[in-house]
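The task is simple: from the sequences and hints, build the whole structure.
Protein chains: 2
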Amino acid sequence: MAGIDELAARLRAEIGAQRVLTDRQELRTYECDGLAHYKVVPALVALPATAEQVAAVVRACAQTGTPFVARGSGTGLSGGALPHADGVLIVTSQLREIVEIRPEDERAVVQPGVINLQLTKAATPHGYYYAPDPSSQQICSIGGNVAENSGGAHCLKYGFTTHHVTGLEIVTPDGERVRLGGAAPDTPGYDLLGAFVGSEGTLGVATEVTVKLTRLPEAVRTLLAAFRSTDQAGAATSAIIAAGVIPAAVEMMDALAIEAAEAAVRCGYPAGAGAVLIVELDGPQAEVAAQFDEVSALCEASGAFEIRIAADDVERALIWRGRKSAFAAVGRISPDYIVQDGVIPRTALPAVLRRIGEIAAEHGVRVANVFHAGDGNLHPLVLFDDAVPGAAERAETVSGAILDVCIELGGSITGEHGVGADKVRYMPRMFDEADLDTMQLLRCAFDPDGLANPGKVFPTPRLCGEPPGRRQGVHPLHEPDVAEIF
Amino acid sequence: MAGIDELAARLRAEIGAQRVLTDRQELRTYECDGLAHYKVVPALVALPATAEQVAAVVRACAQTGTPFVARGSGTGLSGGALPHADGVLIVTSQLREIVEIRPEDERAVVQPGVINLQLTKAATPHGYYYAPDPSSQQICSIGGNVAENSGGAHCLKYGFTTHHVTGLEIVTPDGERVRLGGAAPDTPGYDLLGAFVGSEGTLGVATEVTVKLTRLPEAVRTLLAAFRSTDQAGAATSAIIAAGVIPAAVEMMDALAIEAAEAAVRCGYPAGAGAVLIVELDGPQAEVAAQFDEVSALCEASGAFEIRIAADDVERALIWRGRKSAFAAVGRISPDYIVQDGVIPRTALPAVLRRIGEIAAEHGVRVANVFHAGDGNLHPLVLFDDAVPGAAERAETVSGAILDVCIELGGSITGEHGVGADKVRYMPRMFDEADLDTMQLLRCAFDPDGLANPGKVFPTPRLCGEPPGRRQGVHPLHEPDVAEIF
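Just so you know, the sequences run in chain order A and B. Heads up, the first sequence is in full-length UniProt numbering, so the first residue is 1 and it goes up one at a time. Heads up, the second sequence is in full-length UniProt numbering, so the first residue is 1 and it goes up one at a time.
Do not take every clue at face value.
Quick list of in silico lysine-lysine cross-link-like pairs, DSS-like style, CA-CA up to 25 angstroms [as the list claims (entries may be wrong)]:
#, chain 1, residue 1, chain 2, residue 2
1, B, Lys-212, A, Lys-212
2, B, Lys-157, A, Lys-212
3, B, Lys-121, B, Lys-157
4, A, Lys-157, A, Lys-121
5, A, Lys-157, B, Lys-157
6, B, Lys-157, B, Lys-212
Chain A stretches covered by chain B per the calculated footprint, using a threshold of three residues with CB under 8 angstroms from any CB of chain B [claimed, not checked]:
#, region
7, 171 to 182
8, 197 to 206
9, 279 to 291
10, 401 to 414
Ranges of calculated distance between the beta carbons of each label pair, as one might list FRET restraints [to be verified]:
#, chain 1, residue 1, chain 2, residue 2, range
11, A, Ala-85, B, Ala-351, 47 to 57 angstroms
12, B, Ala-289, A, Ala-361, 44 to 54 angstroms
13, A, Glu-218, B, Ser-296, 13 to 23 angstroms
14, A, Arg-394, B, Thr-64, 50 to 60 angstroms
15, A, Glu-408, B, Ala-13, 36 to 46 angstroms
16, B, Gly-3, A, Ala-243, 57 to 67 angstroms
Just so you know, the hints here were simulated from the structure itself, not pulled from any lab data. Backbone N, C-alpha and C fix where the C-beta goes; we use that ideal spot for every residue, glycine too.
See below:
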């Protein structure tokens, strides 16, 4: 590829030779993100260390018509950072400075490569933390969180990444550096900040992120309630929310997820549980104490046969260990698995669990369920053995059927993992043409040449491919070569 | 205007004769919104009763190249609903159905003409309310709230309109009906919902709004603390927030605002106060009780010489009466006044108050200050007598200088009233060209012909007027005739 060689030479001159990788062996390190069954080796990897270097790389891509994909820590679960075979992968992990912690304004300014948990560690001495906490928080980057609008166990009370980002500096797909938002809770003009957060790298690359810091709660209390069935645990969840309590987290695991966690980390959850709920309350001491009694009573009323209350931080960590290890733990009981991500209205929890059970039984596939139950965010883990012919296909069928159930019940095809490469094909099940066209107006406006993370989020771009007519202001989007990506 | 006559005939046929006004006398009713010193009589007023009728009007405008402006109740304070002299004013107040109240999902679906307070009244029997509460909540519409991303006294704790809208049906500027968002807390694809909320009618017209309902708090407690100076009241505000308490509201009034309120509604605030704070706490009984003692102590420590605690709803209403009447009350002590709207970081409160005092003194103008102190949202009321030559200009100068101070201190030119027609000229003080260009990419994508509320929000459209080149995908925006608008 002569084009790539020229681009590599230009980038080596502009950002430094050690920041540009073209060796096939080195490139392979970046062939996938957390969704490891999609693999594409990029043509070039750039490791810029400053915002201006990011802009230089993007400008070079724009001027040469080269597709580019941004990547943080590469922990995403929808293939959003899957490289483009003829494109540049821009890795932002070298931009890892915590620029500023401003407790008096409850704000922090960080570069995109800063690790989620590091920000919390830096804020803690000031009495603050960064609220969004994906399970991968020890390794995932804030830039990646911005791209995917990441959630986490505590998003029930505290919201998603989009609720904690107040300002961004980005590089647009034509290589220009601009600000979106700022430190204030609201700024005049369009809220493009909100559109950028969760745009999965299709509108540009974030180079600096201003976030809200959240005050460390005065008190945190955690309980584990064991139930005979997921129906009972679902009823308890509904009862807690209906009582007007908003816990920091309400997590549910079913029998199979518990079995996996026990095998992996010996979390010692109550024997014979068909489901467990982890309920965490935080806030002022007085509030937490009053609500804790209420939550315990509601769990009992819904059929909990054992309730364990964490007496201290160690016991609290023990309760969480099972939940936090759940995804990886499934590897102990199954050689392969798909982590699905869907959303339903909380009230549909018992219905969706029954439907998942039926679908699994019908196809002879095991499904372990781990939920952010409080906000109806499901993570069914579909187990299979890739060595068994047809098993992967059956698992894929079950996984897709679960999303259909989510849509049917008024939910969504992704709660926090994003669309990425993986769920592009489901978008038309959720949105009609006019909806997708309207969203793509924005993509076309920012990226008329379709170079920023092509093939992700949107199925075949209809709108921009239309002959000039009604939408005459919009330039045709270059058709991404989907076959090449997958 | 032959063009308008033809358009009127078409619209009469499509949506009914009684829904189309062209009589000059009738049109004059709509010549201004809440910012009454800007007046433009529209060429035609349409009063559609259904979403499809709104779409029909917008389509007719798009096909004939006619500018259009949407209007709710017309209570906006930035001239966002100021008509276009050659355009159609689309009044959405006939779309006033509360479509659905769903307490189990904490959602309501309303048409845009529904009055803010009516939604709360409809939700109250179910134990819920609609949190954003502009001072005009008795008459302002949800559609207008969406256009302006309206705030209110309780936005400190509960956030702005954008934090409570989860789904919209809109009519795009080419007359197409599309959905943005939904009932779920987050949906895949771009968050155009967030960009639409607060876009001040420049991206289309909302025809249905899905909002979050908020649970009525178990307890509400309100206190009034009187201080000798605004410095003391500002220090108390900072101390409360620094203590980790997030009150539902922290409102401040200075001596002149108190004088006005006394003259108008005899609210009986403590004599000799240089400033009062109204602090309202809500939430679980236990939390409110504990925090209330803490807030009282912090007010005393900051110099409060009298603290009144509302013993019941009547006393609570009495405390609020002075604050809620403050804008109108200023009319008792001054023939004319400008309601300014700016934001500063909360920590800059004492500094900004001193600077406002200096600016006012320098120009011989009186300024009454009413604040959402908790979130640093200022509403300086600049008093003047239009009968005195030069007084209006001096008031305008002071009003503008206050915004400059807000920007200088890291704040913003509007907290909740919007940019509208009034603050277009301040946008370049806050944003550089690249920032404004990036925002206008969205406007151009949605509205390449520049027909949706032209002349509002953005100063002269730079980007879309550029010769085809870098931004070649974007169609030139028709240059709005600013002179004609003002």
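Against the structure, the hints come out as follows:
For the hint pairing Lys-212 (chain B) with Lys-212 (chain A), the CA-to-CA distance comes to about 22 angstroms; that is within 25 angstroms, so the pair holds. With a C-alpha separation of about 14 angstroms, the suggested pairing of Lys-157 (chain B) with Lys-212 (chain A) holds against the 25 angstroms cut-off. Taken as a hint, the Lys-121 (chain B) and Lys-157 (chain B) pair is honoured in the structure, with Cα atoms around 21 angstroms apart against an allowance of 25 angstroms. In summary, the hint linking Lys-157 (chain A) to Lys-121 (chain A) is supported, as the alpha carbons are separated by about 21 angstroms, within the 25 angstroms threshold.
The straight-line distance between the Cα atoms of Lys-157 (chain A) and Lys-157 (chain B) is roughly 13 angstroms, inside the 25 angstroms bound, and the hint therefore holds. Restraint check for Lys-157 (chain B) and Lys-212 (chain B): satisfied, since their Cα atoms lie roughly 15 angstroms apart, inside the 25 angstroms limit. For the region 171 to 182 of chain A, the stated coverage by chain B holds: 8 residues have a C-beta nearer than 8 angstroms to a C-beta of that chain, and at least 3 were required. Evaluation of the coverage hint for the region 197 to 206 of chain A: fulfilled, as 4 residues show C-beta separations to chain B shorter than 8 angstroms, against a requirement of three.
Coverage of the region 279 to 291 of chain A by chain B holds [criterion: at least 3 residues with CB-CB distance below 8 angstroms; count 8]. Given a C-beta distance limit of less than 8 angstroms, the hint that chain B covers the region 401 to 414 of chain A holds, as 5 residues qualify and 3 suffice. Here the CB-CB span from Ala-85 (chain A) to Ala-351 (chain B) is close to 56 angstroms, well matched to the stated 47 to 57 angstroms. A hinted range of 44 to 54 angstroms holds for the C-beta pair Ala-289 (chain B) and Ala-361 (chain A), which are about 52 angstroms apart.
For the pair Glu-218 (chain A) and Ser-296 (chain B), the supplied restraint of 13 to 23 angstroms holds, since their beta-carbon distance comes to about 18 angstroms. One distance hint, 50 to 60 angstroms for the beta-carbon pair Arg-394 (chain A) and Thr-64 (chain B), holds here, with the actual separation near 57 angstroms. Between Glu-408 (chain A) and Ala-13 (chain B) the beta carbons are some 41 angstroms apart, a value that agrees with the proposed interval 36 to 46 angstroms. Between Gly-3 (chain B) and Ala-243 (chain A) the Cβ separation comes to about 60 angstroms, which falls inside the hinted range of 57 to 67 angstroms.
The structure is consistent with each of the numbered hints, conforming to all of them.
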